[in-house]
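From first to last, the protein sequence lines stand for chains A and B.
Quick note on our numbering: the first sequence kicks off at 1 and runs consecutively.
Quick note on our numbering: the second sequence kicks off at 101 and runs consecutively.
Bear in mind the hints are in silico, worked out from the structure with no lab data behind them.
Heads up, the beta-carbon is just placed ideally off N, CA and C, and yes, glycines get one too.
Each hint should be verified, as a subset may be incorrect.
Covered by chain A, according to a simulated footprint, are these stretches of chain B (three or more residues, beta-carbon under 8 Å) [claimed, not checked]:
#1 113 to 119
#2 226 to 236
Pairwise CB distance ranges (calculated) [stated by the list, open to error]:
#3 B:Leu167 <-> A:Glu94: 37 to 45 Å
#4 A:Met57 <-> B:Asp192: 42 to 50 Å
#5 B:Ala237 <-> A:Ala51: 23 to 31 Å
Given next are the chains, with one letter for each unit.
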Amino acid sequence: MDIRLIQGMQWNPSSPTSAQPPSKAPDQGSFGALLERVLEETNRLQLEADAAVERLMTGRGENLHQAMIALAKAEVSLQFVIQVRNKMVEAYQELMRMQI
Amino acid sequence: MDLGVIFSIAGSGLEAQRVRMDVIASNLANAQTTRTPEGGPYRRRDVLFVTTPALPGTFQSALEAALRQVQVSRVVEDPRPFPEIYQPGHPDADERGYVQLPNVNILEEMVNLMAASRAYEANITILNTTKAMALRALEIGR
Numbered sequence: 001m002d003i004r005l006i007q008g009m010q011w012n013p014s015s016p017t018s019a020q021p022p023s024k025a026p027d028q029g030s031f032g033a034l035l036e037r038v039l040e041e042t043n044r045l046q047l048e049a050d051a052a053v054e055r056l057m058t059g060r061g062e063n064l065h066q067a068m069i070a071l072a073k074a075e076v077s078l079q080f081v082i083q084v085r086n087k088m089v090e091a092y093q094e095l096m097r098m099q100i
Numbered sequence: 101m102d103l104g105v106i107f108s109i110a111g112s113g114l115e116a117q118r119v120r121m122d123v124i125a126s127n128l129a130n131a132q133t134t135r136t137p138e139g140g141p142y143r144r145r146d147v148l149f150v151t152t153p154a155l156p157g158t159f160q161s162a163l164e165a166a167l168r169q170v171q172v173s174r175v176v177e178d179p180r181p182f183p184e185i186y187q188p189g190h191p192d193a194d195e196r197g198y199v200q201l202p203n204v205n206i207l208e209e210m211v212n213l214m215a216a217s218r219a220y221e222a223n224i225t226i227l228n229t230t231k232a233m234a235l236r237a238l239e240i241g242r
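Only chain B is shown next, with the shape it has when bound in the complex (with noise of 0.2 Å):
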């Protein structure tokens, strides 16, 4: 079924974005986190995306060795500097009294949580376009 490449790309799409919204879940529920097991706060992660071949072979036409699926390659962590809060009274406070926040922005962890819904949205109407579609060809000379 020829079908089965689009369907292919378009999973790898919802699995990556599934995948981006993990993170960015993780991110959000650590926002406060001060104490990690490795020391320090904690520090925001964030998914690298990579293209895999869609149609893996060697001997391929131009159009099939130009189709991409996507996949999350590796989760890395933000290298911003730690903002830093002064409360003294706090357990985690260092010697001059500060506090050390994990560097996860809500506004921004936010609007990434919006584009992969949508990108994971855009991803669902393509499979559903598609099928759509080969179900309309299948009425042809009905």
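Only chain A is shown next, with the shape it has when bound in the complex (with noise of 0.2 Å):
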């Protein structure tokens, strides 16, 4: 094995490694973007939802209805959010049977 193979692999310390994700940002368009904006979807309706309730508590500014549906969307995103890791995990399963 030559060892002068081993110098082509430099370390770097500049390149900043602890606060970024692994630099694979998804082009548009694919899987991944469109997941993305579903759980940011998501987690946006959660969040609206928490707020409501907190609103709703600590006196008025909202309606109970309000609250009620906001709740009502939060869920049914989470809900579909749980389905589709569901259909990924099944598909990769499946994928992981296949006989090589």
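Fit chain to chain and form the complex, with the hints in mind.
In structure tokens form, the structure reads like this:
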């Protein structure tokens, strides 16, 4: 094994490694981007439901039915994400079962 | 999420009926009020509903432009005349001895209250049915 091959791999200490996710930003239209958007939307609905319930509990400014609507929207969105995860896991397991 | 349109339309219906019930409660509470800050007895109030576009925007399909939310445009006063009863000892009696009472009919208000309550429940049924449909749709292929 030629030792000069090892010198090709250099450790660059100046590259930021900690605060960045692996630099595979998914291109627009790929499944990863779609999943990210869905997760962001679900998160937004969850936060909105939390805020609505808090406003309802601390006094006027929120109606009961508005808070319940926000909770229902968040619940449906979360169930959708759970189903997407289930399907992805199922597809992965199906692929793993394939004989080489 | 395409549920947002249905939820906001039904939510606007719930809000409008709630405002209507507020006004009905005001009428019922003041059914015997003979003195108000602006003079005279309490005049019955009612709400006016108006439609607003459910999906605001200029470039819409025909369906999106037809969807409408409801909103309370304003609270109007009932112009019907006040009933008068003869009660000379009342502090608010005029020189003939008649006292003007509010033009609030208790039976009419109770019927309006029941109608508002049923409309509220109908909107809630829409919300529940829509959410049940969405959760059932998530079971496709299970």
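Right, here's what the structure says about each hint:
no. : hint                             : in the structure
1   : 113 to 119                       : holds (count 3)
2   : 226 to 236                       : holds (count 4)
3   : B:Leu167 <-> A:Glu94: 37 to 45 Å : 41 Å, holds
4   : A:Met57 <-> B:Asp192: 42 to 50 Å : 43 Å, holds
5   : B:Ala237 <-> A:Ala51: 23 to 31 Å : 27 Å, holds
Violation of the numbered hints given earlier is absent; every hint is satisfied by the structure.
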